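**Q** Please dock the two separately framed chains into a single complex, following the hints provided.
Protein chains in written order, with the working numbering: chain A, 177 to 731; chain B, 7 to 822.
Everything labelled a hint here was simulated from the structure, so no lab data went into it.
A quick note: this is a predicted structure, and the numbers were derived from the prediction, not measured.
Straight-line C-alpha distance at most 20 Å; calculated SDA-like pairs for lysine to any residue:
1. Lys-260/B / Leu-715/A
2. Lys-713/B / Ile-742/B
3. Lys-643/A / Tyr-269/B
4. Lys-643/A / Ser-276/B
5. Lys-643/A / His-277/B
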Amino acid sequence: MFLLQVLWWRTAASIGWTVLLSPVFITLTSFIASFDFLRPWTWLSSLLGILSGSVISGLSFHISCMTLLVTFMALLFAPHHSVRLVTPASRLQYILSVINMRRAVLYSTVTTGSALLGWQFASILTNSSLTYHSSELGSAVLNERHLFLVLFAGAVGLAFSTSFFMHNMNVIHFPIVQQAKYFRVRSCLLAMCVNSAMSSLKLLPYFFLAYYLILGQSMKDFTKFMFFCHEDPSSVVLNSIWGILNLSLAYQTWLCGCLTHILLSLPNLLHKVYHSEQFQFPIETNVEMYSNKCLHHALAADQHPHLLYLGHLDLYLLASQQPLRRTLIYNLTQLGGHALNWAQLSKVCLQRLEVLQQMLAAFNQRTIASAPLRQPSGGGNDLIVTDISHSAFMNGSTPGNESKSKPLTLSSKLRNLRFVKFFLDERPELSSRALFVDAQCHIWTVNALSHLASASFREDKYGVMQKSLASILEIMLLLQESLEKHLKLGLGSNGNLSRASSAVGCANTADCQTVHAAVKSALYRIVETFGKHLDSVELSTEQRRKIRMYVEYKE
Amino acid sequence: MSDFSDLVQMSQQLIADTDVPRMKRNLQQINDSTLRLAARAPTGSQDNVDVKAAILLGSRGFDTGKVSQKLETLSSAKTFEPLEPVRDTDIQGFLRNERENALLAVIEQARKNTFEESERRHWDTMESEWEREKQKILNALVVSGQEPFDFSQESESVLGNSISMQGRSTLDSVEMAYSRQVYVYNDKVVQGGIKPSLVKLFSEVVAKSDDQNVQELWRMVEAMTDVPLSPSGSLVKARNSPNMQASFVQQAMKYLQQIYVQYLRNTVYSHLQQAQLGGIPGTFNLVRSFLNVHLQNVVIAGLEGGRIDGHPGWAVIYYCMRCGDLEAAQQAVNSVLQHLGDFPRYFLEYCSSEDGRLNTQSEREVRLLYRRSIRNCTDPFKKAVYCIIGKCDPRDDHSEVASSTEDYLWIKLGQVTFEDNDGSSDKLSLSQLQTLLLEEFGEAHFSAYQQPFLYFRILFLTGQFEAAVEFLSRIERLRCHAVHVAIALYELNLLLQPYTVQAQLLSKESAESKDDSLRRLNFARLIMMYTRKFSVTDPREALQYFYFLREKKTSQGDNLFTSCVSELVLETREFDMLLGQLAKDGSRRPGALDKFKLDTQGIIETVANDTESKGLYEDAVRLYDLAKKYDKVLSLCSKLLSEVVSQPPAPQSNKDRRKQLALSIAQRYKEVGAEANPAVSSTFHLLLDLTTFFDLYHGGKHEQAYKVIQELNLLPFKLQDVDNKVKAFQNFSHEIRQNLPDVLLTTMNIIYSQYKTTKGSATQSPLTRHMDGGKQTFINYLRVQARSLITFAGMLPFRLPGDTNARLVQLEVLMN
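Isolated chain B, as found in the complex (with noise of 0.2 Å):
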């Protein structure tokens, strides 16, 4: 910003350049010449509000002055008069009373309405409006802060950030190996063939880097995944159905399965010595040798099942079932049958469903006799099995037995069941289980922020893949994998959304039905949440993932792609990258957008419909141009001449700009032979044609232009031709009336300084004393044009701007 020194400067530089006199004023006496000149402005704010209101309305084809009239003849007195009053016995008259009255009551009702309607349309528009401000203020914030309560991370992430932060790009190495397997998985999409896996793709990244965790993660995924997925239909019904739920949970069960055999081969390897694993491939070895190592310090009185190679028999059945091997542990059931009572006879029957339930029978045996005794035998290991099988008591904890929160969940998973909900306390369904651990739980709980992929994983596990996205999405340096995990969900179907864009990040539609428990994740704001870090660096990028949103609406009902899209576009000002670059010859040179094959064209027209509504319309043009929209091309490049038609030429000015680009697009179109309409087309063309004039004006080269402006026939030079121009004046866009006193004025110029040049010559020179008759008509002719030019501002349906009528009858009289 420039203060008063630079002020002070660039008005001495004005100065310098011109011979005008230098004058020395006070702060007073420019205050008082400041107050002069506002006085000799159009005083009347009313006046002024009065052609403003006739320019406005004027340029929409409203003929203000008749409209007042005719608003001036209306009046409310006869209508809402009293109405006379009427006998009782004048039956006609009380008739024409009732209607009357019912006329009056019906117009009354709909204005009422009307009002209520546009004052609730009003503060709907309201409304949306500051709810979309309000996103793009918490995305911003969301993006430049850091949550309060991380301060561990921050110092880790910028440290990261520094190291991976390559070339210009905000994105860093492992967002960016991501960003193009969504490429790599875009342009499939868009050719048609089969959609690769977006799980794989997504592993391949992190398959690269050495982050255990984030390995995990998408072996996780990857295994929860692996349902079959729900037709086409209610996707909620579908996740609250028993058999994806079944599925689920068989899932969560089969990766934990697979990640504590993992856990026990290690345990074992870093143990040979003690573990004395063997030759013989296998579960039932493997946990053998791992309970050699485990088991060693663990006091093991009250243990009971006899034992198997030195180990308690329950504790070897339970590991085996944690392993997921039911052969394995039938083989040692097997080895201690004579110790186990009934057991193996359940067994046998809980390995041979197939869904991993007993038969009322045996399950309602199971659970008396697991009341009745084993609830208060001293052997956790039993108990646990017990409760596995005859999915009994999901309240105890087993926290002798389970000792990380991976056992605590396999077991509350394995104790889950699908069928209604009767109520009965001892029975453990899904969605109480999620509630469980997401809001009885929580995150205070697990410490998530500690542990965040500890948290991640338990809500994956049970189901709530919205709520653990968006949990990680919370902090910053996971943020990436969350977005992703939820990219690959939404292209299988499996994440629910919420109703509207507008919505939270994570919501719960309550009006659904009673038990649905799930949360709705907004994948929407989720994209746009994440793409907003890098939109401005790497635009092609934020362009991919917007390909995600392409089947969204906005609430305005508006496709979210193209919002996205035109967000961008104004945003970075990538328009030639983005959209694509207009050729010499007319032709569009394909952009990044091209790639996905939709429509092109209107997205451009979108795009530019929101510039033009921002303002911007210079760059409305260019994209309008690129959309082909002629018609809209040439009014906006009217418009923005007419604000400048009038000033004097000078490099780099807005003029100069406005007016090379009125001129590429007007030679170009007159190439490619582009149609517009012809109204639109000859405004243009006049306001190019007056361009010239002004220039030429100001250019000194009076004469010429004084030729240019005889030519346009815009106004009248002869009296007789005066009714006609005002006529005319009629049909001409609001664009040209607006440059008209200008025009006047200089038109009124030009013939003056002819006047002044033709008599001062005359008294001048002795050559030209010859020629006096000719001279004498020629300023005689000089007059009559200014006095047609006064007759028509005169005659014109158009308030001039008071000086400009007063400069001219004084130019007039002058020539007098």
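Excised from the complex, chain A in its bound form (with noise of 0.2 Å):
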């Protein structure tokens, strides 16, 4: 689709400066490697020296075949990341989700990758290769220390690709502060440096632990048979107690794992900031070629969540922030007269809070209906499943659904296994979390129409608002409604749900709650605009009568 070239143009755009910094990290690094506490002086001067030139010329071949690594794996990761927080249902299902064909592909292509970056850092620290020709044994020998470090890169590249799935890494989070995307860069590198830090230095004693007891040994036999070659008898085996102990290459290891952690998370860090940035949507065109390209189109955009989230963020900016694209919206067109850009964008917004509204009062309804049994995680959660796979909106959100009803299959004998039965068991938050998998959206589109409502108090010369007020306010009142049911029932609280995505500075972690109160906020903003005005639109009388409740600030 058309719109999708923005989204190539913002992964090259990030790809290109893990271009541009990767060799700058791996310059640094390789310095802070080389630091001599005893002899800062003579440290600083083969740094001089390397500035001069002669030295980097040594160095570049590495560094490029680093970075030609870490764009090849930024690339690898790129179509892994969404801006939906997909949650799966049963325990059995997560761990399905987190070792399935292609992520495995995946993993072992990102450890690959990574043992090949710590086999090129590993080169630029100790200066030598994994072998050497040793003059004693008249043969080639292998170099232990290096391959600890490779093999460390490598654990490394494998822990932060799990990790990448496991605490939803993937996902796109849209900052609530609006900034630049330099100053939102800088201020996540410091804190990227220091969680590479940390986790490279978690790693780093089960690292030993286990090639002390099982790696070390049969990878040194792979390599010396792989390599034709022999173990230098002279050297301190590194899998064994002494050699353990061993405080310089300890640093060493933990210098390559940061590096790679870095160098692994920095196109991560990148990615998200280009693709959380809003992108202004045209509101109306004369031009051809942009004619499918407007706001509204990407508002119904239900196959490319991405320019779903998009689309309503810039919406949800330009009614708050915007007062220029505000009257585009507010205008009427050229011929005719037809307040036409308001119609399609209030079509399509209001559609999609009665498809939420609706999902909810079925989903309350049968929840009520289902009471007596006390199965709120029972068959209640199936019905609800494949009404969602069936409404436009939410199709193809939840990958992991489709295979769900498979486990459920099996004889109910083999489930009433306590064993099974941890596995397969539903997370009972989890039936009501499948309905505000968009809730972003949603928190967005209320937001949206709530400030493009009282604006046009002001703004709106022709009218073109008050046209659609009773519908805007019908549908709120409808859906607080319905959500307050659903809170009532005690389906919306969160739990320890959003933990995993609470990260700090992003609005993604939006839930029952959160649409509650921007739906709450959103018509207390619409009712403090109008005032007493508001009698004149048209609603029925109990409609009336919730109004009256916001007006006297008693909902």
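**A** Here it is, written out as structure tokens:
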């Protein structure tokens, strides 16, 4: 689709910056690595020597190799980013989602890539290669220290790629505060470095242990076999107690892991920053080329969640902060004087809210109906899942849901086993969670509508908005009612679910409560603006009564 | 129908089966033989009549002979003999004379009265019967034929019908949906819960259709029926009471205002560019924007009242009032206060008054002001506003302001006053308005048939529900809506109805009071007219509609529901489905009627009665059976059987069918142990036995038939029994007596044939010769029997057909 170009460009830009930034990090790290506590002056002079260009040409091969590797891995990660937080329904599902085929390929590739990174970096660090020619033995000898670094880098790669999915690092969060990309990256860089250092440090002891126990010997044998080399009998073997208690090795290993982690996180960070940036869609256009690239197209792009989110973000921002673009919405078309822009936008928005409201109402209904059974996570869930997959809005949102029914069809005997149950039982809070997969969009929609409505009080010259005011209020009141019921039924509590995704400064942790709060504040915003004029809006008696409550601040 | 060739064929078929030799005759010969046969039949017409009278009266227990004797002995000669002259001094004689004179006079008077009375009753009955027939014919005509005037709709409705015709039902989809709601409603009523709102139910039906006009119609009905309902008491009084009239007017105005606001909105929204509505909701802005669109082309010269956002002040005030938003009007007034003179004061009073009236003093001032200056001013809006506030000059049409009929109606309704009319011509009462619209303007003025909904709306909004419904019901394609509006009104007790169901569809009770201008709608007739269309194909639905008539009485005082059901049953012949069905064990499986939890037995009985009086005896038997009227069942059965008892049996014949029916009834009653009058019951069983007897005889089983007749103890077979049997004969019912000649003849035939066989066998068979003595005894025995039959026939106080007697005697003679 046309608008995907936007996303392509953004991915390309983020990778470009990765290419530019990676050498800097590699160089810096290698400097830090070569720092000599005992002879800082010598270090400084060698640093100057490098800067003068004689050594850097030696490093440049390694650096460019590493940059290439980083770019390759960034490209691998790119398609795994998503705007929707997918929560698997059961533990088994969760495990399956972590180790599915596509991801397993990614894990292995990233592990290998990281190991290669480690190889290059180790070459820089130790100024040697994996094997060297020993004059004593007269044959190639294994550099075990080098091997150790390579293996650790691989381990970091594996740890990173698994935690990438386990901790939902692939979810793109949209910042509440809009900032320039530079500032966002800058503010995140330090945190990223610290995070890398910490994770590298955490991994280190485990790796040492593993190397000591099994990994060391096997890998050494494997390498010796591969490279036709022997072990140096004079050097201390690393998978021994003495070999492990080597501080400089630990330091170098940590530094190597640190760099690998940074080089893996950096493209991830840049990708997220680029992709969560606002994109200003045209509201109307006379240019043929853009005729299907307007805001309302993005708002209706259900097949492309990312576009959908960008569209909604843009709508929200324009409604709340951009008066000039707002007037475009309130304007009439040149020909015929119709409020086409508003009609298209409001249609999409109202429909979105209506779908949510109806699903909520149906869900509440089912919950109430099945209440005496005391099975909040029971059969009702299947229904809602199928419902959701029917709805166009939710299409393709939860790939895990389709396969979910398969384990459920196993014989009930098997399912009742405690062990199996542990894996198959659905987490109760998830049933309603599915409704709020796109809660962020709904919040943006609600806010955008309320901002547009309240701005129309002064800005809307033609009364474009007035026509829809009743339906906006109506759907908001209905939604509010459904949400309240949902909360009262105890379905909307987020529990510890959002813990994983509660990254600071991000708004994606939306659930029932946040939507509820958003709708409420949106209603207050409208009521506040229109005041007594709301009496002239065509509403039913019941709705009028509810609006009264808002006017009197009793809600 | 068969023609002559068919007849010929049939007669040839008859001959083909038998061995009768063919005989050829020409027409003349046939004629001759017919005449001969006719001559042989009992000739005296007087005789015939006598016999018939004897049969008729005899069956009811009259002894014709005695009565005729008594009649002959009665002589008027004595009674009316001139009284013998009395002398002047004969006081005794004089008094007697006077007394007798008085007696005579009284008798004469009574006789005259009786004649008059019977004459009158006769005519009454004739008349009511004619009325009923006439009604039926009229209803049938309405259903079958289109009105002659709406040719344009004919093609349309035909098209509509052909599309929506589904299955065998004649109801189209809308009517079907309506009838479903009626069913829902009736169901709730029968269960005795809270009655749902019929208006709501019917509105749901049209909400699904895309006919804007009809939706609008129901919205209006909903608005107009939203009035405080009249407590029990005279509906006529309530409808004419100021309170109710005021609330009707209020609701009507509210409705008109609502649709006007909607109209303004639509206008504004379709001209957003010109309207410049702005973001602030409210009537004031709406009116302003509307004027931006509307008044652009209108010359505003001569409009007064300053300018509000460039629009003339009076116009803004008028339109705000037209929208029903007095607050907005107040806002307008406030913004051009200095241009309006005294008006703001009056307007404030108008807004704060509850009934929209100024106090007397102010009203007088306003009227004076109007007459003096405003009437001649150039601003039509100003005039209109003053007219509404002061309720003055109701004859002005305000045609410059009121561009549509709704506007006109709104202004007029706004001017209506409710206090007693003191005859002043410058006040308008609701009834005056009603008369004006219905009678003076009428259908022609509003070209009602071109725009039926408009005319309906005018009538309905002025509280003339009956006239409105009647008008709409005249249009074929809209009749179903009219009927259901009427039903909804009827259930809300808002529908005025005539005192008799025989009245015209729309009538006016002139006697009630002189200012009662309201029409009455014959609800029952409307329902019957509507249901006639589909009662044959959808009797269940029709039944639901008849249920609304359950509290009405026919002119004969019967329940209208019952009589409608009876007619429906007779017409559709869906006995089982409507009334229920008898199971084998005698229990009744409930039919559609049972859902209403009324007196089903009683209704079935009525239906049975009607069926019987129509002469459909076999159906009547079934119905009486359903109603558990065993006596009636048996007596009717007897009547049916007696007509066919002596006929030879044939499959699929009347006799066969009736026999089966009677047998099944007899068997069931025996099993269930149904109690019936013993006399009726015995007649019935005797007839059944006689049927068996004749069947055996016709089947050639003479011996068995002979045994049966002997066991029946009906006829004397010994001479000494004759007297007893003759006496016993007096107790037999008419049905038995009627068949007696046949029974006698048949028995005689059997005896004769036995006689013949006995005699014949004697001569042929040598074996029986030894038993000659026995044979002779038997022959004698048969002769005695024949003799006693003859004697019996002779002694009967019942004239047998001449040829029967002759045949009997002939046979008896042959045996000697």
